[in-house]
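Undergrad: If you want the building blocks of each chain, they are given just below.
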Amino acid sequence: MSTSVGIVSAQRASFDTPLVCKSGAVLSRYELVYETYGTLNADRSNAVLVCHALSGNHHVAGYYADNPKNVGWWDTMIGPGKPVDTNKFFVIGVNNLGGCHGSTGPASINPETGKPYGSQFPVVTVEDWVASQARLADQLGIRQFAAVMGGSLGGMQAMQWALSFPDRVRHVLTIAAAPRLTAENIAFNDVARNAILTDPDFHGGDFYEHGVVPVRGLRLARMLGHITYLSDDVMADKFGRSLRSGKLGYGYGVEFEIESYLRYQGDKFAGYFDANTYLLMTKALDYFDPARDFDDDLDRAFAAARAAFLVISFSTDWRFSPERSRAIVNALLHNRRDVSYAEITSAHGHDSFLLQHEHYHDVVRAYLERAWNEVAA
Amino acid sequence: MNALAATRPDFAAIAAWIPQGASVLDLGCGDGSLLRHLQETRQTRGYGVEISDTKLVAAIRNGVNVIQGDLESGLSGFEDGAFDYVLLSQTLQAMRHTEELVREMLRVGREGIVSFPNFGYWHARFDVLRGYMPVSEELPYQWYNTPNIHLCTLKDFEILCRDLDIRILDRRVMTNGREISALPNLRGAMAVYRFQRA
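The listed protein sequences correspond, in order, to chains A and B. Reminder that position 66 of the first sequence reads as 66 in this note's numbering, one-by-one numbering, no gaps. When you read off a place in the second sequence, starting at 1, and then add 377, the result is the number in this note's numbering.
Quick caveat, the hints were computed from the structure, so don't treat them as lab data. Just so you know, not all the hints are guaranteed correct.
[Unchecked claim] These stretches of chain A come out as covered by chain B in the derived footprint (C-beta under 8 Å, 3 or more residues):
(1) 130-137
(2) 332-344
[Stated by the list, open to error] For each label pair, taking beta carbons as the anchor points, the in silico distance ranges come out as:
(3) B:Gln-397 / A:Asp-299: 21 to 31 Å
(4) B:Asp-542 / A:Glu-374: 37 to 47 Å
(5) B:Ile-545 / A:Leu-40: 55 to 65 Å
(6) A:Leu-355 / B:Leu-541: 28 to 38 Å
(7) B:Leu-541 / A:Asp-297: 25 to 35 Å
(8) B:Glu-449 / A:Val-212: 52 to 62 Å
(9) B:Ala-559 / A:Gln-356: 58 to 68 Å
(10) A:Asn-87 / B:Ser-453: 54 to 64 Å
Glycine residues also receive a C-beta, built at the ideal position from the N, C-alpha and C atoms.
Turn these sequences into a full structure, and let the hints steer you where they fit.
TA: Printed below as a string of structure tokens:
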């Protein structure tokens, strides 16, 4: 039996009710692209929403008919018989507002000016995303999700679902996430943003009309990001101090394998990702802080949550360390909410949440079997 | 007695002490059998703590809340007085920081319940007398592979409680699932204690 959801295609939903963002900015209308896998059951109780991270999108599982190599970013996790079993659940992947994969974003045409939004696109937050995802759920007739899940920034959205819409989500799976960024994390994001903001081709965000792309900034931002997604051990294992030519060149070209790898990743990313989306995503990360409205008391922030939680962290993830996940767990414990927590031993740092890992997948599978038993009951 | 209580006689004793609707923290919860049993028969709410990956998955599958963690590093995530009962079933003897854990149990819980194999059981004494470390149903390990580094007798445990200002509220001593009342430190293979701060 195949464990791929097979050929998939994106769908598009339009919204005419203005969305008032947390910043006060208003998006009068917008579109969200999404994909679905599996079948929504008669009482619409088996839906699972998958939220994406910084560079993700709505293409979560399966592949496209015209491009079989374009496999969804969480295809290891989602499919028939996989931990998120599409034989049971109706799974939705959505490209976030402000994204660059089809949903309304900085590169979209602003209906008021007839030009790309560019610098005029509002800085959207995790709360805004969750609000827009809820409207998509409304359109699909889903009142309550069996589960909302995500890793990293996606895990923050899943968490926010429990806070913004406590009665619309039964289970939250927050993976490799944090209740808010540390100063160090904001610092990394700021360096990445500065790479883009100071690229002469950025043009204050309105580079579209100049027919250029701030490629240098984007690739630097991505190179920096990649360093923080890996662990020291994995980098040492994978690249060590290996030289491409086997000898030192006494110059500033690409010599070490790690340099070559980072540049390759940077170039690849700069070829398809939108610089404004990158800025906006990192800002959403920096701003996420549910405790802020409660005198920095995360326990009080989580008092609103009703969902049961599965929190997962990875031992070598230093960008969103296990301690950060434990802070989420502790806030839930202090509110006596249902929560389970797994710290997965993995060598792969923050990236672990995207990778195939038997025990990690067993944990998610076991947890979702419970969620499924409730749906089936 | 159901099948579960038959395999783990201390479970039945523990369950008998737990009132309906109590909040429970089960330290070293294993596959979550005891918590599940308490949820089903006593409508308890609570959490298990487990360090092993495979047992964690089994506990999740069993439908209980389980937090992966190492008891040796304390219970810092849990607030003072958060639970009615803190359970430690057949784990005390394998802990390095025994005193600290017992203190922590009574910090986060109103009452503590522990069960452990009695090293004063005549069977164990007889083995030592014959010149061997005891191996039995309660102590199934060889000396070189046992996780049990802090074995004790009923008297030893009661001295520890006295030294830590702990009042013992109740005690059940068992051998092969049968209650032992006379000469418990000699005739009992396993003991369960319920206690609180004095």
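Undergrad: Are there hints from earlier that the structure breaks, and if so, what are their numbers?
TA: Violated: hints 1, 6, 10.
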